[in-house]
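Participant: Top to bottom, those sequences are chains A and B.
Residue numbers for the first sequence follow my numbering, beginning at 1 and rising by one.
Residue numbers for the second sequence follow my numbering, beginning at 1 and rising by one.
No wet-lab data here; the hints were simulated from the structure.
From the three backbone atoms N, C-alpha and C, an ideal C-beta is built for every residue, glycine too.
Among these hints, one or two may not hold up.
What the hints assert, rightly or not - Only part of the chain B face toward chain A is listed, based on derived beta-carbon distances under 10 Å: (1) Gln10; (2) Phe14; (3) Phe34; (4) Tyr36; (5) Leu44; (6) Leu46; (7) Leu51; (8) Thr55; (9) Ile103; (10) Lys106.
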Amino acid sequence: EPEVTQTPSHQVTQMGQEVILRCVPISNHLYFYWYRQILGQKVEFLVSFYNNEISEKSEIFDDQFSVERPDGSNFTLKIRSTKLEDSAMYFCASSEQGRFGYTFGSGTRLTVV
Amino acid sequence: AQSVTQLDSQVPVFEEAPVELRCNYSSSVSVYLFWYVQYPNQGLQLLLKYLSGSTLVKGINGFEAEFNKSQTSFHLRKPSVHISDTAEYFCAVSDGGSQGNLIFGKGTKLSVKP
Numbered sequence: 001e002p003e004v005t006q007t008p009s010h011q012v013t014q015m016g017q018e019v020i021l022r023c024v025p026i027s028n029h030l031y032f033y034w035y036r037q038i039l040g041q042k043v044e045f046l047v048s049f050y051n052n053e054i055s056e057k058s059e060i061f062d063d064q065f066s067v068e069r070p071d072g073s074n075f076t077l078k079i080r081s082t083k084l085e086d087s088a089m090y091f092c093a094s095s096e097q098g099r100f101g102y103t104f105g106s107g108t109r110l111t112v113v
Numbered sequence: 001a002q003s004v005t006q007l008d009s010q011v012p013v014f015e016e017a018p019v020e021l022r023c024n025y026s027s028s029v030s031v032y033l034f035w036y037v038q039y040p041n042q043g044l045q046l047l048l049k050y051l052s053g054s055t056l057v058k059g060i061n062g063f064e065a066e067f068n069k070s071q072t073s074f075h076l077r078k079p080s081v082h083i084s085d086t087a088e089y090f091c092a093v094s095d096g097g098s099q100g101n102l103i104f105g106k107g108t109k110l111s112v113k114p
């Protein structure tokens, strides 16, 4: 069964450093997403991406965050200057048809120290 | 704005017993509803979804859910649970936009004891 692949599975970074989280969506999917889950809290929407541009973003997705689909297969989330409160599990997801549900990756646990 | 409420944060149950995990949503528009499961140290896996049609939806691993529009509920049920069903279960609603951005509940931790 096709999978969404995320790397790395775990990343530790120092506060103020830039991090890039990588995702390989399912190949025929057109909609891409990032969500995050702070430990013990609910899963929260960050951003959706379609047709090579951001289609929607949440209040969490401020100027420190950016997304890119650099080569037609990868989908990345960059945090420019990490803060302690960015520590969370970050999930990538992709969908063929958007609103009808999508497939999540297994997540990247980001720890900012 | 849409929201999802999962009334129980933890549900302990014995193996082979039935279980119901409750989910209520609020929305002023038509919704699409989902249940996801997260096993320890793993990602989110889709259990089942309601898009339209029959209000009783069957999913993987023997789970089913019933959409009740009048009660704005989408409770998840399984008639007989296994140890391997121990996981966290998330109810989610799609905001109805073409992107399908999901709004999640806080999750319910199901613990199945022998």
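Participant: Per the CB criterion, is Leu46/B less than 10 Å away from chain A?
Facilitator: holds, 6 Å
Participant: Is the interface hint for Leu51/B satisfied, with its Cβ closer than 10 Å to some Cβ of chain A?
Facilitator: Where the cut-off is 10 Å and the nearest Cβ of chain A is about 6 Å from Leu51/B, the hint holds.
Participant: Verify the interface restraint on Gln10/B: the C-beta must sit less than 10 Å from at least one C-beta of chain A.
Facilitator: violated, 12 Å
Participant: Any CB of chain A closer than 10 Å to the CB of Phe34/B?
Facilitator: Nearest chain A Cβ about 6 Å off; hint holds.
Participant: With 10 Å as the cut and Cβ atoms as the points, is Thr55/B at the interface with chain A?
Facilitator: Violated: closest Cβ of chain A sits about 17 Å from Thr55/B, beyond 10 Å.
Participant: Tell me if Phe14/B is really an interface residue toward chain A, meaning its C-beta lies closer than 10 Å to one of theirs.
Facilitator: Violated: closest Cβ of chain A sits about 26 Å from Phe14/B, beyond 10 Å.
Participant: Taking 10 Å as the limit, does the beta-carbon of Leu44/B come near enough to a beta-carbon in chain A?
Facilitator: holds, 4 Å
Participant: Taking the closest Cβ pair, is Lys106/B under 10 Å from chain A?
Facilitator: Hint on Lys106/B: holds, closest Cβ of chain A at ~5 Å, below 10 Å.
Participant: Given a cut of 10 Å on the nearest C-beta pair, is the interface hint for Ile103/B held or broken against chain A?
Facilitator: Holds. Min distance 7 Å.
Participant: Under 10 Å is the threshold here; is the Cβ of Tyr36/B close enough to any Cβ of chain A for the hint to stand?
Facilitator: holds, 7 Å
Violated hints, listed in ascending order, are 1, 2 and 8; each of the other numbered hints is respected by the structure.
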